[in-house]
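Colleague: Sequence:
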Amino acid sequence: MTLTAVAEQTASRSSAVPRWTQHRHDLQRIVDLLRAGLPIDRAFDDVEAVFGDGTSPVEDDIPVLIGRFCGTAETRGHLAVLVEAVTKEEAGEPDLRAQLIARASDAVATVTPAGSPTLAHLRRLALAAQGLLELLLPDDDEEATPCLP
2 MTLTAVAEQT ASRSSAVPRW TQHRHDLQRI VDLLRAGLPI DRAFDDVEAV FGDGTSPVED
62 DIPVLIGRFC GTAETRGHLA VLVEAVTKEE AGEPDLRAQL IARASDAVAT VTPAGSPTLA
122 HLRRLALAAQ GLLELLLPDD DEEATPCLP
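Heads up: the sequence shown is residues 2 to 150, going by the numbering used here.
Simulated from the structure, these hints should not be mistaken for laboratory data. Take the hints with a grain of salt, since some may be wrong.
[Stated by the list, open to error] Using C-beta positions, here's what the derived DEER-type ranges look like:
| no. | residue 1 | residue 2 | range |
| --- | --- | --- | --- |
| 1 | Val112 | Arg77 | 18 to 26 Å |
| 2 | Arg77 | Ala99 | 26 to 34 Å |
| 3 | Arg25 | Gln100 | 24 to 32 Å |
| 4 | Thr88 | Arg43 | 27 to 35 Å |
| 5 | Thr119 | Arg43 | 33 to 41 Å |
| 6 | Gly68 | Ala103 | 20 to 28 Å |
[To be verified] The list that follows gives simulated cross-link-like pairs (lysine to aspartate or glutamate, DMTMM-like), each with its CA atoms no further than 25 Å apart:
| no. | residue 1 | residue 2 |
| --- | --- | --- |
| 7 | Lys89 | Asp61 |
| 8 | Lys89 | Asp42 |
| 9 | Lys89 | Glu60 |
| 10 | Lys89 | Glu75 |
| 11 | Lys89 | Asp62 |
Model, not experiment: these values are computed from the prediction. For every residue, glycine included, the Cβ atom is placed at its ideal position computed from N, Cα and C.
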């Protein structure tokens with residue numbers, strides 16, 4: 002292939018780039034939407050780690066996962082992020098939403114015996130997160146709604 006042919010092929014590809022991607026504010030809006038979705042993806046991954054393959058997480062992972070669900074002094078936990086998203090999106094019926102938010106608050110407020118993280122506590126946190134995720138994520142039969150700024 003000649004240099005001229007490569008240049009023409011490259012030029013034809015660059016003209017196929019949508020014009021809206023050339024506007025900084027549009028690209029920034031897309032980046033913001035993707036960043037907003039990352040915490041929810043992480044919560045989904047951690048629920049999967051607790052319930053996914055039918056085996057329990059290894060003992061060393063339990064405190065780490067509990068920290069991700071509850072949060073730390075530096076970061077918000079999955080449950081706080083999910084409660085905020087469910088509230089903002091007004092996902093689900095109001096009574097069910099209130100019940101699941103209360104379940105999440107109770108799970109976070111639960112003190113483990115002698116401060117030691119337990120698998121039962123982790124499962125309770127993951128179950129609360131799973132309920133909130135089900136409100137946020139549409140069923141396969143439903144059409145997904147677009148992300149709006």
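Colleague: Provide an ascending list of the numbers of those earlier hints which the structure does not satisfy.
Modeller: The structure breaks hints 2, 3, 4, 5, 7, 9, 11; every other hint is satisfied.
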